[in-house]
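Engineer: Okay, here's what each chain looks like letter by letter:
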Amino acid sequence: MTTATTTAPVTAPKPTKTTKAGPDTSTSVRPLDPRLLRYARVSLVGLAALVVLGTLAALLVVAQAQLIADAITGVGVDGAIGRTLAALAVVIGLRAVVAWGTEVAGHAAAAAVKSTLRRRLVEHATRLGPRWLSGARSAELATLATRGIDALDGYFARYLPQLVLAVIAPTVVGGWILLHDWIAAVTIAVTLPLIPIFMILVGLVTRVHTRRRWRALAQLSHHFLDVVAGLPTLKVFGRARAQAASIRAVTTEYRVATMRTLRIAFLSSLVLELLATLSVALVAVGIGLRLVDGSLDLRTALVVLILAPEAYLPLRAVGTHFHASADGLAAAEEVFTVLETPPRPGTHHTALRTEPDSDTDHTPNGAGTAAGMGISDFGTVMAVQVRDLRVTHPDREGAAPDGVSLTLRPGRIVAVAGPSGRGKSTLLSVLLGFTPYTGQVIVETTRGRFELTDLDPDAWRRMVGWVPQDPVLIPGTVAEAISLGSPDASWLQVLAAARDAALGETDLSRQIGERGGGLSAGERRRVAVARAFLRQAPILLLDEPTAGLDPLAEAWVLSRLRASAEAGHMVLVVAHRPAVLHIADEVIHL
Amino acid sequence: MRLLPRAVTVPPRTAVARLGLATVTGVGAAATAVGLGATSAWLIARAAQQPPVLYLMVAIVAVRAFGIGRGVLRYLERLASHDAALRMLARLRERTYKRLCRATPTGLRSGDLAARVVSDVDALIDLWPRLGLPYVTAAVIGTGTVVLIWTILPSAALVLAVSLLVVALVAPWLAIRTSRRASQRLAPLRGQLTTSILDTLRGSAELLAYGATQAQLEQVTAADRAVTAAERRGAFGLGLGSGLAALAAGAAVWGALVLGIHAGLDTVALTVIALTPLAAHEIFAGLPAAASHLPRIQSAAERVTALWQAPDADTSDTPSQDAAPTGATAPVPAWPFGVRVRGLRARWPAPVAWQWDTDEALGPTEPAREVGDPGREVLTGVDLEVPPGARVALMGPSGAGKSTLAAVLLRFLTPTGGSVTLVPQDGPEVDLARLDPEAVRRLIGLCAQDTYLFDTTIAENIRLARPGATDEQIWEVLDRARLGDWVRSLPHGLDTHVGEHGARLSGGQRQRIGLARVLLADFPFVILDEPTEHLDEATATALLDDLLSATTGRSVLLITHRPLRPGQVDRVVRLNATGSTDPDSVVEVTDTATPTAAMHAQADFVTACKIA
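If you read the sequences in order, they're chains A and B. Each residue of the first sequence is one higher than the one before, counting from 1 in the working numbering. Each residue of the second sequence is one higher than the one before, counting from 1 in the working numbering.
Keep in mind that the hints were calculated from the coordinates and are not lab data. Note that the structure is a prediction, hence the values are computed from the model and not measured. Glycine included, each C-beta is placed from N, C-alpha and C at the ideal position. Just to be clear, a hint being listed does not mean it is correct.
[Claimed, not checked] Just so you have them, the derived chain A footprint on chain B, three or more residues with Cβ under 8 Å:
no.	stretch
1	18-26
2	112-125
3	240-250
4	565-572
[What the hints assert, rightly or not] According to the in silico footprint, chain B covers these stretches of chain A (three or more CB under 8 Å from chain B):
no.	stretch
5	191-204
6	252-266
Isolated chain A, as found in the complex (with noise of 0.2 Å):
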């Protein structure tokens, strides 16, 4: 959100959705930023387009200035009155469609621009991997690239424009006065400027002010919505009844706070009308004076008072229209914030190859997600070893897992099993190639040993399958939610992998709505433990594949399991339940 800087919004600071509160966010977006307008070069036709129909506008501005003060002091074009009606007629009917088309051009250009940066957001979250986006994440960049970017159609349409006229107008009004009758041109000159100077003075001290204040103001605006949100808890506890007057004096505090605010904000626009419609008075004032001592004709006289307005609108408008670009600016900022992040803060690539013997490696090893990186060519995968493996964690002390070491071989299958927190499904981000780690995985195969961060990730997850804890289907039917990974697949591959997966009896051809809508939480397990089945991949990584399936399903799937691995898969089960556990060739506990 915006605080004021023209005109200040009725609630001043709201915390925005994401956690990075603090000052900095609330006035860091900036009316005209460069990299809006580096998007906004997408549609160059777009910019063009508004600059010359600026331009134009100013242009009929002065053309019908002139025509009016013709037509009140009877100076025809060759004289007759008439044709100078006629020709403010075609002046005012132009200025109508240049204003029309000033918006259409607008929203085109911001429908040129929102397309890419859309694109360009998702495409680089998804870039910056699964580990970035988990959490409310995803919903939450999902509404910026649709509601959030929309509402930078406030700002292409009306804002932008409005700053081309705001520089076009003056100068070519200025212009035209400057020609004729200087005086009141050198007041307009005077005057101009100091309004941005002024609006920009008031605008540090708003900020100085809001930003010693932003935390209690940010505290009280949360607190309705807090108080709103919790009201199972009050209930229950009996206090719901006497939140009420605290709702009513929290918020009364609130006022008084913006208020305080709002007083300093305003100024800024007081500036800006103080001096638009003063000088406006002093010009006025002037002409009449030099009118009456003969030093300047009527018709100048007339043609100055009718431009000396329009020297100012189109900056006043600037400032009302900011209130419609504040939404926008304030989405594309974080939008700016997502693009900025780089993919893999210090990923770093150790040797080539990795000595078997040598001491471990303690740098960190970051995961490229890119595709194009690494080698891909690594030949049939023998084994994996995992040793003294550590992933520290951003937010969390310690690591998780901390120095764990196993090796997956073709015919076995490892368990690891422990409480929560211990990083199990961090291990299996790891082998995935999402999660940097330090320690090292060492991929053995038919070609040589190599750490994993040296292979092509696109090319190391085609030897993988990969049963996630929690799993997301994409909408289509469920016979397309298994074949995923493998749309090459035959109906019968698919038949037979759904019936290793305990789906023997679920339609195929079943239709999965949003989120996975339509199906039981047992039933998309399966689903994702027949998507890793019929993709044959040598190594299946399963994170709980069992969890919520009944006895007999489970003791179906896990029979099918160790069939596979007799088949030659490695095989690597995070679980917790003793039939899993039963099954395995080795339990790792963390």
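Starting from the known structure of chain A, fit chain B onto it as the hints suggest.
Structural biologist: What follows is chain B alone, placed relative to chain A:
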């Protein structure tokens, strides 16, 4: 048709004075603007006739005064209108909150929904400063200007009046209509785009792992192309309002000139009737932008007033029908007492605040916690007995109505049949419906799966359960909830802020604060509603053990669908998917006197847990 519901537009008494001040200063500011235009037009035209400067002095002073007045008056207007709006906000919030208290038995279904309700309430205060006042000001100034021109040339005044009406009403109407149509056409395309983006982001790990990211991104691109193409096509309609407003302003000047010249007005009069409309239209030019707030405020107002009109669902303030019609409440029995549920049937009322869930324009919602379909009877015959001091587990598949039973016991929900009674050891049974709901909630407490923490300190979050509790008492319950050592290790101890929704605490810590609350409130009967639902296995096991040991001596109803260990509870009651209990499903685990009996009981118990 009313544009906005009365309940929203009428300002509260506290705001009337400020609103009046805002109106007066707003009209004054606009009047000085038009006055400046008209007077300076007269000044120039008159000055051209080269009269002695003395004749012009009044006009010169007036022009200067108008020049200063506008900015100052406008500043005062904005301060007054924002002050009034924030005063209205206090009322709107209080009213909404009180309504929510009474209309929602267990509060809103999700935090996301709460955020939407709050943002709509906040949107309503834009009504006066951004929409109402500009129109009131325009109406007064428009009328005044038309009257002024009328005194010079009535026909020109008519032209001006028509042109002002076009800008004030027709242009905004056109703009709103075209943009509404465009967004209606776009809505399904936008929906597809949102869905495909959400799928891509939510499933990013699997898409990457299965090499399907590129294919999915192509789907996003296709959906995006469709939206962008439709937006480009729609752009042509969107500028019509602006074009029309510009045309109307020009037409007013043109009409005045044509009519003035035709009527043979002198230069001074002609100047005034030609230039004054320019100043008036400058005031009116802001109206289409002001009106563009209308749809947003309108839909917020519709949703909020629908909430205000939602029927009472919480029985806290109204005695239920089958209770004594006088509203007289029975005396609360003294502890110890048992709780007996017989043939209980219950259903949820229609959901409140559905309007925020179903509005597509608001975008996707978080998955809401299911509380059962409205209208469908969730509980269809529940029999249950919790003797004093006993711990009973209620098990059953999700959706069977376990949480509904908790809501009935807490008097959040009035049963549609059957009864819940308190059974004192000596004396008659007391129907729960005859007790004051607040009194019931002093006897029966709840520790739910998602303990809500307010954005304040740990101490305040716990003290909520008993205002006035001392720090010693809080430390005591924290220790019993096995959180004391952790809090002592914090630099600010009890005064540590927990962050928004307790974000600085882990899930297990939040639940333990919930337990500390329940302990501080000292309920004799505690319902534990899936208290370990969102926790991992190890944390869940430890927490459940602590919950059960900390509540020793109280009656406990443990609602869960997780398997239990023998010895954790005295009795297991199974609720089947249709929301009823079957007497055969009750398994007593109390008789542990003989080893064989204990083994039998445990075997039965394990079976019961498995079936559940």
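Engineer: If a hint holds in the structure, say so; if it does not, say that too.
Structural biologist: Against the structure, the hints come out as follows:
no.	hint	in the structure
1	18-26	violated (count 0)
2	112-125	holds (count 7)
3	240-250	holds (count 8)
4	565-572	violated (count 0)
5	191-204	violated (count 0)
6	252-266	holds (count 8)
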